[in-house]
Each structure stands twice: as structure tokens, then as C-alpha cells.
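Q: Please construct the entire structure, taking both the sequences and the accompanying hints into account.
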Amino acid sequence: MDVNTKQLKKNAFRVTKERGIAASRVRVPGGRMDAKYLSVLQDIAETYGNGTIHLTLRQGFEIPGIPFEDMDKVNAMLQPVIEGMGINQEEKGKGYSASGTRNIMACVGNSICPYGNYDTTAFARKVEKEIFPNDLHFKVCFTGCHNDCAKVRMHDFGIIGMTMPQLDPNRCISCGACIKRCKKKSVGALQAMNFRPVRNEETCLGCGECVLACPNAAWTRSQKKYYKLTIFGRTGKKNPRLGVDWIKWIDEESIIKIIKNTYAYVEKYIDPNAPGGKEHIGYIVDRTGFEEFKKWALKDVTLPEIAEVTSPIYWNGIKYK
Amino acid sequence: MGYLLNKEGMNQLLASLRDEYVVYAPKCFVGGGRFSETDCIRYGEIQSIEEVVFDKKSDYSFKEVLTPISQTLFYFTEDSVKEADAPKKGAIVFLRSCDLHGLRRLDDMYLRNGQPDYYYKRLRDRVHFVLMGCDHSFKNCFCVDMGTNISDNYDLSVDVQGDLYALDNKWDQLETLLEDLAVATQEIVPAHVKDNEVHVHIPENLDERIAKSSLWREYDSRCINCGRCNFVCPTCTCWSMQDLFYSENGKAGERRRVLASCMVDGFTDVAGGGSYRKKNGDRMRFKVMHKVYDYKKREDYHMCVGCGRCDDICPEYISFSNIINKLEDGMKEVTGND
Ligand code: SF4
Ligand code: SF4
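Chains as they are written, first to last, in our numbering: chain A, 1 to 321; chain B, 1 to 338.
A hint or two may mislead.
[As the list claims (entries may be wrong)] Among chain A residues calculated to face chain B with C-beta under 8 Å, some are:
| id | residue |
| --- | --- |
| 1 | Thr163 |
| 2 | Ala177 |
| 3 | Ala217 |
[Unchecked claim] In silico DSBU-like cross-links for lysine-lysine, where the CA-CA straight-line distance does not exceed 35 Å:
| id | chain 1 | residue 1 | chain 2 | residue 2 |
| --- | --- | --- | --- | --- |
| 4 | A | Lys180 | B | Lys57 |
| 5 | A | Lys183 | B | Lys89 |
| 6 | A | Lys225 | B | Lys57 |
Calculated from the structure, these hints are not laboratory results. All values reported here derive from a predicted model rather than from experimental measurement. For each residue, glycine too, the CB sits at the ideal point set by N, CA and C.
A: Structure follows, in C-alpha cells:
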């Protein structure tokens, strides 16, 4: 049997332990899909696979047990799923194009969750359109609020939803619910002064707990949506670490630009001998220094006036000798 | 007399009223809801009829207009006191039948419960009410059982009929203006709800013994004493006083009154650190009994008007009407040995 495994992998199939048998990888951008596609996946698993489906950690499905010779047929079956999810595709009917950039993940976001500050899946899909498919190894993840259920800090780019809480003092009844809530569940950014809450702008996370707690709609969310951008969290063997806060109160447009700019930076500085052409961005930044990254990343980016850029930035994490 | 007005006519009517009055109505505060990308419907000043939300119940009641949530009463310096100015204009309030019945409760509390309340009265004397007809019941409403589904003490009524607004007018001052603006005249009876999905039954033998029922204990843990049920209620009138000092020496400042809630910590605090109703279930008992028992002993009608807003807003899904319906069994429980 003569199979180009590099091409097979580029087509979103995994070479498995079992000789001649592949697994089809179906990624779901932003983690949400129309339920009707599940029956397509079931059909593939039962017709060509071994009847099981693995739910992947990156919000996808892996359908194992597919003989190499059936891959074309599986690709044909996947076509409506790919179209339905609006995925950038190189050639119609030829399945997913796997890329270095990993599936963009998202928690359920504000369309379901009371804490969510924005539609995480919608934002994920928007970024997906801009950066897929792409050979470089990038991990992007969206989470609706600071609870970070999506674990964005394990990603190169983590996007946490924020809202700028605003107080209508005339609706405040001095019940203290927001102050208590912020202290118990968040950072304790509120303090009572003259019977009403005063917000410490520096410490406030923009999580929106005060808005949720206020019984009288004195606190409301800002019309504009803001985010916190965390960078260069990573798992892996060498030196795993959590992503750190870089820009607080950043807007959607700037985030998209920064991620796109980073592709140019990585192309320039990636280790040409990196195994499989993969190198975590964080390691490259360790080499070039953060300032060089920043120069590239912030090119032509106009941050909102209220944005706070953390500098310098330090990571820690486990280091194996 | 009944009139049919189109949108332009309606807006001309509002425009001419705005010389003398601020017009308040339930309107949509986009993004003003608790959760991201949700709206809040509450009272605010309107400029045009399109802003009025006719097809949904307002989350908060009209009382905010008559009893501002936070109201400065007077300013003080040394020994001089300056009363806060009265609003320059009168007010016109769009509201539904249940709320118009709620007005009677506010009037009882503020005008007929001892000395009339000065700040309430000076505003109240200059307010006119526009009844918004209800052609169907909203979720959680139980106005029919509370007898608050029909009102006739309005100044003007308005029902939306397709592109037209059907008005019944009882306010002499408007008669000629309406004649000019109307596209037609006809007899108009404001729509009212004839049946709700929710029914309540308040037992005849209800009395203080209910305090011993185990029914309240469920709410010790279910209720989170947030007070939302009080803040949205058109008939809750409690407030507390705040003295705000502008200067360190405490000689200059203002006194204001602010909406308060029997469900929230601090309401029954007394000197020395005591507090009467510590358990949330006991607070619930106090609230429920006030709404459907002891107020009636004095006024001969129940305080609750059955708008269901407390049910709509409770984050813990506690239903007030459901509690009312548990009272009968509660009484059986406590009178079992009689
Ligand atoms: S709204 Fe619900 S949880 Fe809040 S105080 Fe009222 S009953 Fe309790
Ligand atoms: S107790 Fe509830 S149903 Fe009754 S008037 Fe108040 S808010 Fe409406």
C-alpha cells in the first residue's frame, strides 16, 4: 500500500496505530453546530468507521476505524457539514483541510450562559474566517467571562469577555449586593462611599458580576464590548505554562489584527528546523524578546483609548532540564 | 368620548402634552437587562408613541415615577434647610389596569395613612394616567382573581388596533384637541383581561397562626434575599432615609429617601445589633401576609394587584402566586389540633 501520509494528514485524517486505518477529524469552530450534522457523523462512523466517535478536547469529533481506501467517500459525506459550518475549504468535496492552526475553541458564551459577556462562537467563527487554513501552529480560544471555562490561558491567544459596568446612581438602593458579590466572587473592586458603590477602575475585571447582582438595574452593561487578551499559554513537553494578561479592555478589531500580524512575525522568526514545522509561538518570543513580538503584533493596531497594555510581561511555569 | 388616531395624530397629541407634562411609559432599554444582550423594559420619559412598549409587561413598575427610587428631600447647611425643588412639569403615566389599581395602594400609603406625604402629594396632584388596554394576559399575571383587571378611573385609555390607536377620553382638557387629531370617532372600551392562566385562592380563615406553618421554611434556603420581588412591585412602598454629608464636619448635606425592601438584610435591624426577621422564610411570610392579609384588614382590599412581576423577576424562580396557593394547606397544618 502506497499512501502519502503527509497529504493524508493535511486532509484531516489521522494515521492510527492500526495499519491501513485512519481516523477522520471533524473540527467545530467555536464549538457550536447545527444538531442535524450529528446524524451525518453517525452515518460515517457506522458505514465506514468502527461505530464509535471520540469527542476531542479541541471541540471536534474523531471518527476512527476508517480504511484508507474509504477516505474519499468519507470526504464526500462530510461536504454538507463543512459547508454548513461555513468552513474555508480549499477544494469542494475533498474534505477538511487540516492546518497547523488548531480548531478555534469557545465556551457557550452569552447566547446561553448568564455570565457570558459576548457571543463567543460568533467571534470564534469570525477569526476562523480570517486565519484558516494556515500552516502555522496557532491556538486561539474564546471564553465569555473571567471564569474561563474554556481555559483560554492554555492557548497562544486567549480572549476573555469583559463589560464596562455602568452605574445609574438614581437607581441604587444601597443594598450592597454588588459590593458583596464582587468581593466574594471576583476581585473586590467595589467599595461603599456615601451609600453607593464606587468602582476601583484599576482592579475591576469587567466580569459583570455587579450587573448580575444588582436587583434594581442600577448597574448595567456597556453597549460596547471589551475583552482581555491573554497570550502564550502552552501545554506540551518542554516548558508548559499559563498564558498571561497582555491587553485589558481591548476591542474585537484589534484582537483580529494582532492575531493576523503574529502570523507574519512567526513566519519571520520560526526555527526553520522545528520538527514538523511546528514551534509554539511562546518559544519564538523567548528567543526574539517580547519587545520584538510586540512591534510586529501591534503594527497598524489602534487600541481603544481605555485599553491597558501590560508591560513588561513575565511568564513562569514548569521548566525541565 | 372615543377617538381613533393614527401614529402622527398620536405623536401630535404627545407633543402638545409635553409643554406641560413629562410623559412616562414603559420603554425598552436596549442592552439594559441583567444578562449580556438582553433588554430591560422599565419606565422612562418618552418623546413618541413608538417608544412605548405595548406588547410586553414592564419588568419594573410605574411607581418609580411617583416615588423615585432615590429622592432628595432637602438640603441642609448649619441651621438652614432648603427643600428640594418640585419637578417643573406635571407627569403623564402610561400604565396597565393592575398598575392603576396599584396607584390606589400608593395613594393610601402616602396620602391617607396619617398626614399626607408632602413630596408625594406635590407630584401626585399633577399626574394624569393613560390606561393601556390588555387584550391578553401575560405570563404569571393573576389580575382577574385579585379583581384588578378592569379600571375606569383613567384620564385617557389607549388600545393599539393595527396602525391605529383607540382612545377613550375622560380628560376634558383634551377633548377639542382629540377631535382635531382623530381620524374617526367611535365608542371605545379599553380591552381587559378576562382570564389568566394563573389562579390564586386566598383562604377565608387565614390568620397569624400561619406563622407556625412549616411552609415558610422552604424559603429559608431557596430565597436569596435579593429584594427584587419588592423593587419591581407596584405596591411596595417602603423606604429608608439617608443623610449625606458633603463636608467632614457634617454641617452641610442632603437628606434623601431611598427604596427599601423587607427581604433584604438590614430592614429590621434595631439599635444594639438586633434584627427581627433573620430567616428568609420569615421575611417571605411577612411580605406575603402583608400583601394578602393584614393590609386588607385595614383597607378592605388586598395590597397585591396580581401583576406577577415578583414572579417574573425572581432569580430563584420563586412564585408568589404559588405561595398564596399554599396558604390553605398551611392553615390546615397549624389548625390541625383545633
Ligand atoms: S426575588 Fe426571589 S430570591 Fe429575591 S428576595 Fe424575592 S423571593 Fe427571594
Ligand atoms: S406582590 Fe407580586 S404580583 Fe403582587 S403586586 Fe407585587 S409584584 Fe405584583
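Q: Next step is simple, just say for each hint if it's right about the structure.
A: Comparing the hints with the structure gives:
1. Thr163: Where the cut-off is 8 Å and the nearest Cβ of chain B is about 7 Å from Thr163 (chain A), the hint holds.
2. Ala177: holds, 6 Å
3. Ala217: holds, 5 Å
4. A:Lys180 x B:Lys57: It holds: about 30 Å lies between the C-alpha atoms, which stays within 35 Å.
5. A:Lys183 x B:Lys89: Given that 35 Å is the threshold and the Cα spacing comes to 42 Å, the pair is violated.
6. A:Lys225 x B:Lys57: Roughly 28 Å between the alpha carbons, so the hint for Lys225 (chain A) and Lys57 (chain B) holds.
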